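**Student:** Mind docking chain B on chain A? Use the hints.
Protein sequence lines, in the order shown, are assigned to chains A and B.
To convert, count from 1 in the first sequence and add 404; that's the numbering used here.
To convert, count from 1 in the second sequence and add 71; that's the numbering used here.
Please note: incorrect hints may appear among the correct ones.
[As the list claims (entries may be wrong)] Heads up, incomplete: computed chain B residues facing chain A, CB under 7 Å, no partners named: (1) E74; (2) A158; (3) L161; (4) I172; (5) P179.
[Unchecked claim] Heads up, incomplete: computed chain A residues facing chain B, CB under 10 Å, no partners named: (6) P435; (7) Y440; (8) L448; (9) L450; (10) K453; (11) D489; (12) A490; (13) A491; (14) S506; (15) F508; (16) D510; (17) T513; (18) T515; (19) P518.
Keep in mind the hints are simulated off the structure, nothing from the lab.
Since we're looking at a predicted model, the values are computed, not measured.
Every residue, glycine too, gets a C-beta built ideally from N, C-alpha and C.
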Amino acid sequence: AQSVTQLDSHVSVSEGTPVLLRCNYSSSYSPSLFWYVQHPNKGLQLLLKYTSAATLVKGINGFEAEFKKSETSFHLTKPSAHMSDAAEYFCVVSVNTNAGKSTFGDGTTLTVKP
Amino acid sequence: DTEVTQTPKHLVMGMTNKKSLKCEQHMGHRAMYWYKQKAKKPPELMFVYSYEKLSINESVPSRFSPECPNSSLLNLHLHALQPEDSALYLCASSPPDRGHISEQYFGPGTRLTVT
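Pulled out of the complex, with its shape left as it was, chain A reads as follows (with noise of 0.2 Å):
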């Protein structure tokens, strides 16, 4: 069985500020994690992936995520928020045996602040 949790269903920041979006997993197996951002009534994007490889993965806008086996977790990271970075954030877990089924976190909602 797998599972995530997304700690803050509401994050604020100020642009120019630091983001801290908090992933938790829990998997039986091996996991691979992925954060999606969704922009209101659009599809959601892929901004970074962790599939066993380097622990500290960078994806794309400035965005990046460490994965802690030790401490289950996946957290999001950008060093200075955009008034673009505004959005809601999903932490996303799949194991191979789960035959496609990925389980989504519930979300967290990012604003910023001018």
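**Tutor:** Below, chain B alone, put in the same frame as chain A:
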């Protein structure tokens, strides 16, 4: 071409209508997915096609009927829907696994309203 396209963007239909949603990708992906997403919620998996065969049906009501005519195209046929079926319907595709789970590429979605 690195995108998934979906048509129509918006659809309003009555409870007795029959309509179809269309999804297309030309990335050579062999897995395709339908998701339903309600406002402020994560996407919920409905169907998965792998190599044009239905591999997962998440106990979706029969008023939703998926079809995969070829490796690039995925349809979702709708009939006798209920107002609670109103949602954003997302299509996604993913490349073949290479020893790990691949990422999914999502289309922009079809906003469905059932009246």
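**Student:** Next, verify each hint and record whether it holds.
**Tutor:** These are the hints, each one checked on the structure:
1. E74: At about 10 Å, which exceeds the 7 Å cut-off, the nearest Cβ of chain A leaves the hint on E74(B) violated.
2. A158: The hint is violated - A158(B) has no Cβ within 7 Å of chain A, the shortest such distance being about 12 Å.
3. L161: Where the cut-off is 7 Å and the nearest Cβ of chain A is about 6 Å from L161(B), the hint holds.
4. I172: 4 Å, holds
5. P179: 5 Å, holds
6. P435: 8 Å, holds
7. Y440: Status holds, d = 8 Å.
8. L448: 4 Å, holds
9. L450: Holds, about 5 Å.
10. K453: Holds - the Cβ of K453(A) comes within 10 Å of chain B, reaching about 5 Å at its closest.
11. D489: 18 Å, violated
12. A490: 15 Å, violated
13. A491: Check failed: Cβ of A491(A) comes no nearer than 13 Å to chain B, outside 10 Å.
14. S506: 7 Å, holds
15. F508: 4 Å, holds
16. D510: 6 Å, holds
17. T513: With Cβ-Cβ at 8 Å, under 10 Å, it holds.
18. T515: 14 Å, violated
19. P518: With Cβ-Cβ at 24 Å, over 10 Å, it is violated.
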